[in-house]
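Here the structure of chain A is known, so what remains is to put chain B in place on it, guided by the hints.
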Amino acid sequence: MDPRRLPRTVTDPKVRHVGFFAPVGPPDESMSSPPRQTTLSPPVAGYSLSPVMIPPPRHLSSDNAPLSPLIAADSFLPVGSYNPSEFSSPSATEDFSEDNFSKDTGWVLNENSGKAALKQNTHAASGLTPVITNEGPPMEAQKEQPPASSKPKKEKTTKSERRALQEAQRTAKAAANAGGSKKSAAASAVVNSANANTKKVAKAPPRKKDSSSVAASEKKGGDRQTDKDRKKDIPHPRMQFDDEDQVEKAKKRSVVKQTESRNRVELFRHLPQYEHGTQLLDLESKFFQLDTVHPAIYAVGLRFLTGDISGGNARCIAMLQAFQESIKDYFTPMEKELTRDLPTKINGYVSFLIQCRPLSISMGNAINFLKHKIPELPSTMSESEAKASLLSDIDRFINEKIILAEKVIARHAVTKIRDGDVLLIHGSSSVVEMIFLCAQELGKQFRVVIVDSRPKLEGRMLLRRLLGKGISCTYTHLNAISYIMHEVTRVFLGASSVLSNGTVYSRVGNASVAMVAHQFHVPVLVCCEAYKFHKRVQLDSICFNELGDPDDIARVSGKEDIKYLNDWASIQNLQLLNLIYDATPSDYISMIITEYGMIPPTSVPVIVQEYGEHLLI
Amino acid sequence: MPEVNSLVNEFLIKLKKRKIEGSKATAKLTAEVLRSFISQKRLPHTNQADALIEAVKAVGEELIDANPVELAVGNIVRRVLHIIREEDLSLTTAAVGGLSLSAESDNEDDVDQDDHPALSATAVAAAARSTLRPPSLQTLLEDMPHSTAVPQTSSSGGDSEGKSKSADKNLKTRKLKHNVIEAVNELIQDISTCHELIAEQAVEHIHQNEVILTLGSSRTVTEFLCAAKEKKRSFRVFVAEGAPRYQGHALAKELAARGLQTTIITDSAVFAMISRVNMVIVGAHAVMANGGVIAPVGMNMVALAAQRHAVPFVVLAGVHKLCPLYPHNPEVLLNELKSPSELLDFGEFSDCLDFGCRSGSPLLHVVNPAFDYVPPNLVSLFITDTGGHNPSYMYRLLADYYSADDLVVRRRSAS
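Here the protein sequences come in this chain order: A and B. Take the first sequence: its position 97, counted from the start at 1, is 97 in my numbering, and no numbers get skipped. Counting from 1 along the second sequence, just add 617 to a position and that's the residue number in my numbering.
Isolated chain B, as found in the complex:
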């Protein structure tokens, strides 16, 4: 246990110091930390799932607080919680056996998206529990007391009741943990392979002689464009350099090295060039439940320009970037102000930052936000590893990955 705590603490410090960059790296690390945490966690004999969920929530809360802007952390915590619930349910239903098999309905098809096709029996219960999923008439009738008792926070109580009934559960002490870890491994696998899955779809979206514009740098976008190039498509790419970090330079260099016709433009030239562009393909920092995108700063400008010229604005996002929360005032609340030193050299204007004289407040403020919010109406298409989706479909896609009970990752005691 101590080594796990130190692992978690180390990760916390890294998050707080913003040492980890990029949602993918963060997501992967979060999943790995949670996996080792779960494997080390000693579980009581009764109410295993509840205990595990509580423990993961406790850690997850800390992790989210360490960097509330990095939504990937919260996403992974919620997914792990969801995994625990699913596994627990599947064990329960397996124990109850034939009883719930009769309840098995045509919901089965929905479940296949869950990457757990083998556990189709869990689907029914899961479907009934998920408030987002339309329950069939039968389940509605049967589970009436259950589904009314499901509001937001207190569902785990309902689960545990059903679980405690199963007598032979203690025998499966190891089973739950094992299954959960297995599923988390799968999740980590998913995160690391999402690039390839997204890139595979490239040829469906890029045609010959297309002109594509992108801003800043994103691993997913690089892979996407290169995948199309490898399929013998020849097209041109405009790369806006993406102040204040100018990662576009690195992206452009890599694309050019892979044989793509690449042109670097300044961010200010985006509006001038967009009229000659066929498609804008960008990466995202996070995708919200309403279909809005938290993206590197400058993206809203690009999206507006694209809308003006009716250029499709395509966002590539791995599943770990899908956030089940709805944004409120995201420009401010889901943003982060970076160091002014990226804009002005330290000391360059120190003579102007004189607190002593005048009214006591400095004349100069430097604003350097890290993210931009692109509202859903500016996005034409999301390409995730499960395919292309409309912004309006995002809320539904999320229901497959997150349990509605976990949207607020806070222990009840804390809240």
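Just chain A, with the same shape it has in the complex:
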């Protein structure tokens, strides 16, 4: 426990707050609408894949120029930390969940757009300024006004008073919202939701996103709709491959011919287990038949399939860039609308990509982001404008949620590295690598232990890159983890996704590393961008996972003498299981470092809830 509470080496205590701020003063309408935003986003816009839930279009200001986060990241970013007290403030909750989300605003600002409007005079010279140039006041504006000043006041108001205030605000917003949604009922698909929306607004205050905290008050109203909505909040069930009907249907749709592998692992019937190696040839031969798939998507799909692109961020960026290409070449067919036709196109691409390799959770989030953006395009917008807007949205997503987020995380994490530290990493993670490089640039004295595991042996690539930068490394394999852990002082892990029960879903083996580190009382720091957070929960690594090519296990690279398994497929009782991911229980994790700050794993649901999945992206 001690290591978590290490004194931070931040020089200026004032600049600690990046993530969550208690807003100054009670939130009111003027606050929650910063100058550039004229429409309020409907609070109903819960997360779901179904089009019914898509919020009515807003007046867009998203066509502004792409931001320049890179510049921002290079200047110094304040080091953030998690401040639990801020979560307890109900008005903060209000602010995050109901405050309209400025789509063109970087995530960095969302939380304080309201505050910023209040005190535009306090534009402290902070490194973030470039990010927010388009937006307005920089996020550090509240530096001079510590949240503490507002807190006592809040605590004085009673719970019922606060609730009354909230209700009042909500109804006010809903009214404004209803007007907005009527005005802009764009596509017929959205009409239903819009209607439902207005009806509901007339009857009762709309559902608050943060449903749990207001559940009681809503039950009082006997709002049937709320329950229904909440059900939709539950993540969509995934395809189960032991359901034969579903599999048959999927096969009919599929472009890629997939033969089920022969020695399937019984325990993983519910996951796709196909012969690897055959798909590539099949796909290549079908290149000219697959006219529905854009060539850029096709290329990316093939590279996913061959493992050419791997790593959560790299795959996500590649996919989004392919989407950009396809959107550039997209023309709305006659008698169709872009807002309706493009999503179906993209759905087709997505299912193609899924056939190449199952998407990671982070990629799912990115796709959701895109799907949320398309219906929001106003019908009045011309096609080229709409396309430009989408392209810039994707650019912004890549820059802010992935590239800039990585840099911010590195900045945060570097403060946890002290001179003389021995840092352990398992496998390869782009964020963690960046942290090491960042620490090296800052002149910290440290050593890296790279623990590698079969079959990917990604650690070797990382080892080469780190050695190239002159970082002293120790290389070993996963089984030696108990031996090497004696000398380690910090464990840094990347993550494929962080689930809302605090489970970290990541490269297989990370759970073992975290477990041994926990046993040796070495702090485990998980570095993960917030766009990888997901509402799902998972307890084990079996219910959902991805299976790699079993042949990778049979072959031991660099060891030709180990060839017992060359003919494994012909041995009847033998199966090879190549798990790709595993789930690390939250109690092994000391801290999760996101761009919002450093949080304990128990606070993951808070991030997911407060920032909401559509607000996150």
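Just so you know, these hints were derived from the structure itself, not from any lab. Some clues are possibly wrong.
Stated by the list, open to error - Taking lysine-lysine pairs in the BS3-like style, the calculated list, with each CA pair at most 30 Å apart, reads:
{"id": "1", "chain 1": "B", "residue 1": "631", "chain 2": "B", "residue 2": "645"}
{"id": "2", "chain 1": "B", "residue 1": "645", "chain 2": "B", "residue 2": "634"}
{"id": "3", "chain 1": "B", "residue 1": "641", "chain 2": "A", "residue 2": "559"}
{"id": "4", "chain 1": "B", "residue 1": "792", "chain 2": "A", "residue 2": "563"}
{"id": "5", "chain 1": "A", "residue 1": "469", "chain 2": "A", "residue 2": "559"}
{"id": "6", "chain 1": "B", "residue 1": "631", "chain 2": "A", "residue 2": "559"}
{"id": "7", "chain 1": "B", "residue 1": "658", "chain 2": "B", "residue 2": "792"}
{"id": "8", "chain 1": "A", "residue 1": "407", "chain 2": "A", "residue 2": "345"}
{"id": "9", "chain 1": "A", "residue 1": "371", "chain 2": "A", "residue 2": "252"}
{"id": "10", "chain 1": "A", "residue 1": "563", "chain 2": "A", "residue 2": "535"}
{"id": "11", "chain 1": "A", "residue 1": "563", "chain 2": "B", "residue 2": "634"}
{"id": "12", "chain 1": "A", "residue 1": "328", "chain 2": "A", "residue 2": "345"}
{"id": "13", "chain 1": "B", "residue 1": "870", "chain 2": "B", "residue 2": "955"}
{"id": "14", "chain 1": "A", "residue 1": "407", "chain 2": "A", "residue 2": "336"}
{"id": "15", "chain 1": "A", "residue 1": "249", "chain 2": "A", "residue 2": "407"}
{"id": "16", "chain 1": "B", "residue 1": "846", "chain 2": "A", "residue 2": "563"}
{"id": "17", "chain 1": "B", "residue 1": "658", "chain 2": "A", "residue 2": "559"}
{"id": "18", "chain 1": "A", "residue 1": "559", "chain 2": "B", "residue 2": "633"}
{"id": "19", "chain 1": "B", "residue 1": "870", "chain 2": "B", "residue 2": "848"}
{"id": "20", "chain 1": "A", "residue 1": "563", "chain 2": "B", "residue 2": "658"}
{"id": "21", "chain 1": "B", "residue 1": "792", "chain 2": "B", "residue 2": "636"}
{"id": "22", "chain 1": "A", "residue 1": "251", "chain 2": "A", "residue 2": "444"}
{"id": "23", "chain 1": "A", "residue 1": "563", "chain 2": "A", "residue 2": "469"}
{"id": "24", "chain 1": "A", "residue 1": "563", "chain 2": "B", "residue 2": "631"}
{"id": "25", "chain 1": "A", "residue 1": "563", "chain 2": "B", "residue 2": "794"}
{"id": "26", "chain 1": "B", "residue 1": "631", "chain 2": "B", "residue 2": "794"}
{"id": "27", "chain 1": "A", "residue 1": "563", "chain 2": "B", "residue 2": "955"}
{"id": "28", "chain 1": "B", "residue 1": "955", "chain 2": "B", "residue 2": "794"}
{"id": "29", "chain 1": "B", "residue 1": "792", "chain 2": "A", "residue 2": "559"}
{"id": "30", "chain 1": "B", "residue 1": "636", "chain 2": "A", "residue 2": "559"}
{"id": "31", "chain 1": "A", "residue 1": "563", "chain 2": "B", "residue 2": "636"}
{"id": "32", "chain 1": "B", "residue 1": "848", "chain 2": "A", "residue 2": "559"}
{"id": "33", "chain 1": "A", "residue 1": "469", "chain 2": "B", "residue 2": "955"}
{"id": "34", "chain 1": "A", "residue 1": "371", "chain 2": "A", "residue 2": "345"}
{"id": "35", "chain 1": "B", "residue 1": "658", "chain 2": "B", "residue 2": "848"}
This is chain B only, laid out in the frame that chain A set:
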């Protein structure tokens, strides 16, 4: 004598070069070398046992030094020493005859575990001598001077005194050697049959539809699982491949060939799969007196994962793997770092191993330990050829096999 020396030397070189793998093979070879050494050894007429013990200690010291990590060598040396002491005692007591028969007490039952039920008369003296064995009140009273004079190293002196008293001992010159060799033969027999004895217990531990996880490869585990299979149990086995040697591949192939449902998983997937496993069954390299296990690398990770999910962690170990020593810092002191070439190809990173520039020390270190230490609290059960035992009972089990005087196999002159 020369051919014995060459035999010993050959064995020494093999040990030093790590040509012999596996504790069983090492144990067997050690016993065979010691047997031929004893049979060739010319003994003086007086103080035979002492001379023999000294000679065996001298050889044993060399053997242990040749590969200090292979604890089986030391174990066998200590067992042979113990055998010599027992045989010597039995001869002495037989000579003294009726005198010591009166001292025969209820300790007899304990002795039956010694595989020498015929020599029950020796038991009394042995019991009194062993510091680990609680002596009866009678023996305590009678042997008061003896048992106080027994601390660690100097007991053989006490024995020899008693022995020299027996006048007709010279007549039994051959008898001692013969008995010792006989007993060593028995020991070799034990080592080679321990698999079967352990495997016989398999059905008691494996039930229908069980899911078992194992790591790496061990002859004992293979036999154990196959024995259960032959008794018509159907169960599934997960085999972790066991980097860096990947012996799990061979094990899995063999198990599958014998009709077991076998699934190979990577070592990294152990934590993911352990929640669906009913029992972990592994082999060991050595079992220490505190119940800790020296096992192939990676085992501690598996044991921790098993503990997390409350999965029983069962260790199979032949008696030759039981080591009477208590470990201190075993992760380092009882470990061996293998060649980095098992992890990285030679030359793969040679461009990074540049001693010339920078501070003179290479940036890259490759760590490839051979063993892991599993602390006793992670082990649920030991299955040896004498049955199942708790880790906390190990110290007591050892008392049957080793004499407390031999724990330090060093000649007094050397120490």
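Status of the hints after comparison with the structure:
Under the criterion of a C-alpha separation no larger than 30 Å, the hint pairing residue 631(B) with residue 645(B) is consistent with the structure, at around 14 Å. With a C-alpha separation of about 18 Å, the suggested pair residue 645(B) and residue 634(B) falls inside the 30 Å cut-off, and the hint holds. Annotation: proposed proximity of residue 641(B) to residue 559(A) holds, straight-line Cα distance about 26 Å (limit 30 Å). This hinted pair does not check out: residue 792(B) and residue 563(A) have alpha carbons roughly 53 Å apart, beyond 30 Å.
Proposed proximity of residue 469(A) and residue 559(A) is supported: the alpha carbons are some 29 Å apart, at most 30 Å. Taking the CA atoms of residue 631(B) and residue 559(A), the gap is about 24 Å. The hint holds against a cut of 30 Å. Taking the CA atoms of residue 658(B) and residue 792(B), the gap is about 14 Å. The hint holds against a cut of 30 Å. Proximity of residue 407(A) to residue 345(A) is assessed by CA-CA distance (about 33 Å); at most 30 Å being required, the pair is judged violated.
The straight-line distance between the Cα atoms of residue 371(A) and residue 252(A) is roughly 25 Å, inside the 30 Å bound, and the hint therefore holds. Note on residue 563(A) and residue 535(A): the hinted pairing is violated, with a Cα-Cα distance of about 43 Å set against a maximum of 30 Å. Taking the CA atoms of residue 563(A) and residue 634(B), the gap is near 25 Å; set against the 30 Å cutoff, the hint holds. A distance of roughly 13 Å separates the Cα atoms of residue 328(A) and residue 345(A); the hinted pair therefore holds under the 30 Å criterion.
For the given pair, residue 870(B) sits about 26 Å from residue 955(B) by alpha-carbon distance, which is consistent with the 30 Å threshold. Using a Cα cut-off of 30 Å, the hinted pair residue 407(A) and residue 336(A) is violated, with the two alpha carbons roughly 42 Å apart. Only pairs whose Cα atoms come within 30 Å are accepted, and residue 249(A) paired with residue 407(A) is rejected, the gap being roughly 43 Å. Taking the CA atoms of residue 846(B) and residue 563(A), the gap is near 26 Å; set against the 30 Å cutoff, the hint holds.
In summary, the hint linking residue 658(B) to residue 559(A) is not supported, as the alpha carbons are separated by about 46 Å, beyond the 30 Å threshold. The hinted pair formed by residue 559(A) and residue 633(B) meets the criterion: a straight-line CA distance of about 25 Å does not exceed 30 Å. Between the alpha carbons of residue 870(B) and residue 848(B) the distance comes to roughly 20 Å, so the proposed pair stays at or under 30 Å and holds. In summary, the hint linking residue 563(A) to residue 658(B) is not supported, as the alpha carbons are separated by about 47 Å, beyond the 30 Å threshold.
In summary, the hint linking residue 792(B) to residue 636(B) is not supported, as the alpha carbons are separated by about 36 Å, beyond the 30 Å threshold. Distance restraint check for residue 251(A) and residue 444(A): the Cα-Cα separation of roughly 54 Å exceeds the 30 Å cut-off, and the hinted pair is therefore not satisfied. Annotation: proposed proximity of residue 563(A) to residue 469(A) is violated, straight-line Cα distance about 36 Å (limit 30 Å). Between the alpha carbons of residue 563(A) and residue 631(B) the distance comes to roughly 27 Å, so the proposed pair stays at or under 30 Å and holds.
Restraint check: the Cα-Cα separation between residue 563(A) and residue 794(B) comes to about 49 Å, which exceeds 30 Å; the hinted pair is violated. At roughly 27 Å between alpha-carbon atoms, residue 631(B) and residue 794(B) fall within 30 Å of each other, so this suggested pair holds. At roughly 21 Å between alpha-carbon atoms, residue 563(A) and residue 955(B) fall within 30 Å of each other, so this suggested pair holds. For the given pair, residue 955(B) sits about 40 Å from residue 794(B) by alpha-carbon distance, which is inconsistent with the 30 Å threshold.
Annotation: proposed proximity of residue 792(B) to residue 559(A) is violated, straight-line Cα distance about 54 Å (limit 30 Å). Only pairs whose Cα atoms come within 30 Å are accepted, and residue 636(B) paired with residue 559(A) is accepted, the gap being roughly 20 Å. Taking the CA atoms of residue 563(A) and residue 636(B), the gap is near 22 Å; set against the 30 Å cutoff, the hint holds. Between residue 848(B) and residue 559(A), the direct Cα distance comes to roughly 37 Å. Violation of the 30 Å bound is thereby established for this hinted pair.
Between residue 469(A) and residue 955(B), the direct Cα distance comes to roughly 28 Å. Compliance with the 30 Å bound is thereby established for this hinted pair. Restraint check: the Cα-Cα separation between residue 371(A) and residue 345(A) comes to about 11 Å, which is no more than 30 Å; the hinted pair holds. At roughly 47 Å between alpha-carbon atoms, residue 658(B) and residue 848(B) are farther apart than 30 Å, so this suggested pair is violated.
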